[in-house]
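A.B. asks: Go by the hints and put chain B onto chain A.
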Amino acid sequence: MSPMRGNIEERLDALFQAYREACPDPDPSPNFMPQLWQRIEARQAFSFSLRRMAGGFVTAALALSLALGVFMAIPRGSQGYPSQSYVEALADAQPLDSPDIVGTMSLDLSDPGK
Amino acid sequence: MLVDFELIKRAQKGDSAAFNEIVLVYRKRILGRISRLMARSEDVEDVAQEVFLRLFFSLDQLRTPEVFEPWLYRLTVNAAYDHLRKQRRRQEYRISDLSEQQVMMADAAAGGKVEREERERKKTREFVDSLLSEVSESDRVLLMMKEVEGLSLKELEKIYDVKENALKVRLFRARQRVLKAFGSKEHSPAQAGGV
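Residue numbers (this note's numbering), protein chains in the order written: chain A, 7 to 120; chain B, 1195 to 1389.
The calculated SDA-like cross-link candidates involving lysine to any residue, where the alpha carbons are at most 25 Å apart (straight line), are: (1) B:K1362 / B:L1278; (2) B:K1357 / B:E1331; (3) B:K1222 / A:D33; (4) B:K1348 / A:D31; (5) B:K1357 / B:L1347; (6) B:K1379 / B:S1327; (7) B:K1317 / A:E27; (8) B:K1203 / A:E47; (9) B:K1348 / A:A20; (10) B:K1340 / A:P32; (11) B:K1207 / B:S1252; (12) B:K1222 / A:R49; (13) B:K1317 / B:Q1281; (14) B:K1348 / B:V1261; (15) B:K1348 / B:R1371; (16) B:K1374 / B:V1329; (17) B:K1374 / B:Y1275; (18) B:K1340 / A:A28; (19) B:K1222 / B:L1269; (20) B:K1203 / A:F54; (21) B:K1307 / A:P32; (22) B:K1348 / B:L1196; (23) B:K1280 / A:I46; (24) B:K1352 / B:R1268; (25) B:K1316 / A:A20; (26) B:K1316 / A:D19; (27) B:K1222 / A:W43; (28) B:K1352 / B:L1218; (29) B:K1379 / A:E16; (30) B:K1280 / B:E1343; (31) B:K1379 / A:Q23; (32) B:K1317 / A:P32; (33) B:K1307 / A:A28; (34) B:K1317 / B:E1331; (35) B:K1340 / A:N13.
Here are some chain B residues the structure puts well away from chain A; computed CB gaps all over 12 Å: (36) F1199; (37) E1200; (38) L1201; (39) I1202; (40) R1204.
FYI, nobody ran anything at the bench for these hints, they're computed from the structure. This structure is a prediction, so every number in the text was calculated from the model and none was measured. Glycine included, C-beta positions come from ideal geometry on N, C-alpha and C.
Bound-form chain A, shown alone (with noise of 0.2 Å):
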């Protein structure tokens, strides 16, 4: 049917089937399975190179951690934070005792001219 014949729309119809018939299925490039396989083969080295990567840096991190919580876990000395408390401290370092800070006072109350 030609497409100049009928309503629109049959020629839109007999248009497009002109057109399935003007562009038949191409003959594939000698090279084309070639180039498949070497495409397939760069995107594989690339996803096995990445992974590569990938595992290394999870490697790296799980090294890393469990370095960082061995030398959390290990006890240190006088260097480390106090475990007191601030008044803790304090009343530490000054005894009640102590004649300094914490020593009556006489106060001699019979000689007025003194």
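C.D. replies: Same frame as chain A, now just chain B:
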């Protein structure tokens, strides 16, 4: 189905020979489909290879071999659409540089039936490409799958994974736009005696 389920299952398990066989069976059909979807013959092989590349790396995600063909066509549509989207800035549909008179003179000079037929086919391709440039790339692909490739709405539903009604609405709107362009171009002097 052009291949049996056993071959697909073998390919899914990583059998390269089975995958190779699938490509050999489907490549001509996929090349044809892409050439009609894209109307850029120079990129057809590249996009077809991309389709089979995606197939190779996603074949293990295919749940049942029964849906292999709609799935392959979905990969084809997506690859063609991705390519069209990349080409958006380089919009060029190839309207013949020759005037009608020049074409007729050249035709007379060539005199061959084959040449005349080829020229007619070229004009048809260019005319349809110019009509389809009126719709978006995604609608172009959808229209081609329906109108030129002859896929049913059920098949398109599987490929696009959307409800049939939504597809009908999209197809209707796209077709209306193409019809409008067809109506106006049909009456233009360049196409009056042509397609």
